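Undergrad: As a plain string of letters, each chain reads:
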Amino acid sequence: GQQLNQSPQSMFIQEGEDVSMNCTSSSIFNTWLWYKQEPGEGPVLLIALYKAGELTSNGRLTAQFGITRKDSFLNISASIPSDVGIYFCAGPRLTGTYKYIFGTGTRLKVLA
Amino acid sequence: GAVVSQHPSRVICKSGTSVKIECRSLDFQATTMFWYRQFPKQSLMLMATSNEGSKATYEQGVEKDKFLINHASLTLSTLTVTSAHPEDSSFYICSARDQIADTQYFGPGTRLTVL
Chain R
1 GQQLNQSPQS MFIQEGEDVS MNCTSSSIFN TWLWYKQEPG EGPVLLIALY
51 KAGELTSNGR LTAQFGITRK DSFLNISASI PSDVGIYFCA GPRLTGTYKY
101 IFGTGTRLKV LA
Chain L
1 GAVVSQHPSR VICKSGTSVK IECRSLDFQA TTMFWYRQFP KQSLMLMATS
51 NEGSKATYEQ GVEKDKFLIN HASLTLSTLT VTSAHPEDSS FYICSARDQI
101 ADTQYFGPGT RLTVL
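Chains as they are written, first to last, in the working numbering: chain R, 1 to 112; chain L, 1 to 115.
Calculated directly from the structure, the hints in this document are not laboratory data. Keep in mind that this is a model prediction, so the values were computed, not measured. C-beta atoms are modelled at their ideal positions from N, C-alpha and C, and glycine is treated no differently. Check before you lean on any hint, since a few could be wrong.
[What the hints assert, rightly or not] Anything over 12 Å on all C-beta distances counts as not near chain R; from chain L, calculated: (1) Gly16; (2) Leu68; (3) Ser83.
[What the hints assert, rightly or not] So the derived list for chain R, only partly shown, Cβ under 8 Å to chain L, looks like this: (4) Gly40; (5) Glu41; (6) Gly42; (7) Phe88; (8) Tyr98; (9) Tyr100; (10) Phe102; (11) Gly103; (12) Thr104; (13) Gly105.
Take the sequences, apply the hints, and build the full model.
TA: In structure tokens:
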């Protein structure tokens, strides 16, 4: 079945550093979504990507839809302590447009 | 922006009892809502799709008789965990699809602990 693998699984970074994480799939996705989840909360949408090669920014966040449509990347520039959380990629299943598969997650911890 | 609420935010119950969790779309109508389950340090896993006015559809491996879903109105879906056991302890998250905005919004989650 479809799976979304995220890398790295977790990371500690210094405040002010840039962060990169990626999401890969064995199958093609037509939409890539990036969410952030804070402890005890539901996921919040950060960026949505709809076209191969698309590069979209939301403040200090930038995400790209891979050309092969099997991967996506999220970058955070100049990290701050409130960037702490778990970042998930997600995409719709083949069989249902709005049934999402979530990636394994990247846990980010920022050291002040 | 659009908001989805869940009630309760956390619940503790005894083994064998049933627990109902509500998911409401506060400023839009949602013909379709989704229920996810998230175990500690794991990802979200889709359990079922809740359709207003019709039966829910369940993902493979999810027992429909154990996780009863009712979507009686365009703004409310309920998930009832029947005869709960400790292994049902988890974080349950709903999402609601805003058809007009073509966007899906997630609720804040409900933490269920079964003793």
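Undergrad: A separate judgement is required for each hint: does it hold in the structure or not?
TA: For each hint, the structure was consulted:
Taking the minimum C-beta to C-beta distance to chain R, about 26 Å, the non-interface status of Gly16(L) holds against the 12 Å cut. No Cβ of chain R approaches the Cβ of Leu68(L) within 12 Å, the least distance being about 20 Å, so the stated non-interface status holds. Remark: the non-interface label on Ser83(L) is consistent with the geometry, its nearest Cβ contact in chain R lying 26 Å away (cut-off 12 Å). With a least beta-carbon distance of about 7 Å to chain L, the hint placing Gly40(R) at the interface is held under the 8 Å criterion.
Among the interface hints, the one on Glu41(R) holds; its C-beta lies about 6 Å from the nearest C-beta in chain L, closer than the 8 Å criterion. With its C-beta approaching chain L no nearer than about 4 Å, Gly42(R) sits inside the 8 Å limit, and its interface hint holds. Contact between Phe88(R) and chain L, as hinted, is supported at the beta carbon level, the nearest pair being about 7 Å apart and thus within 8 Å. At a threshold of 8 Å, the smallest CB-CB gap from Tyr98(R) to chain L is about 5 Å, leaving the interface hint in force.
Of the supplied interface hints, the one on Tyr100(R) holds, with its beta-carbon coming within about 7 Å of a beta-carbon of chain L, less than 8 Å. About 4 Å separates the beta-carbon of Phe102(R) from the nearest beta-carbon of chain L, less than 8 Å, and the hint is met. The closest approach between the C-beta of Gly103(R) and any C-beta of chain L is roughly 6 Å, which is under the 8 Å cut-off, so the hint is satisfied. Here the hint on Thr104(R) is kept, as its CB sits about 6 Å from the closest CB of chain L, short of 8 Å.
With its C-beta approaching chain L no nearer than about 5 Å, Gly105(R) sits inside the 8 Å limit, and its interface hint holds.
When the structure is compared with the earlier hints, no violation turns up for any of them.
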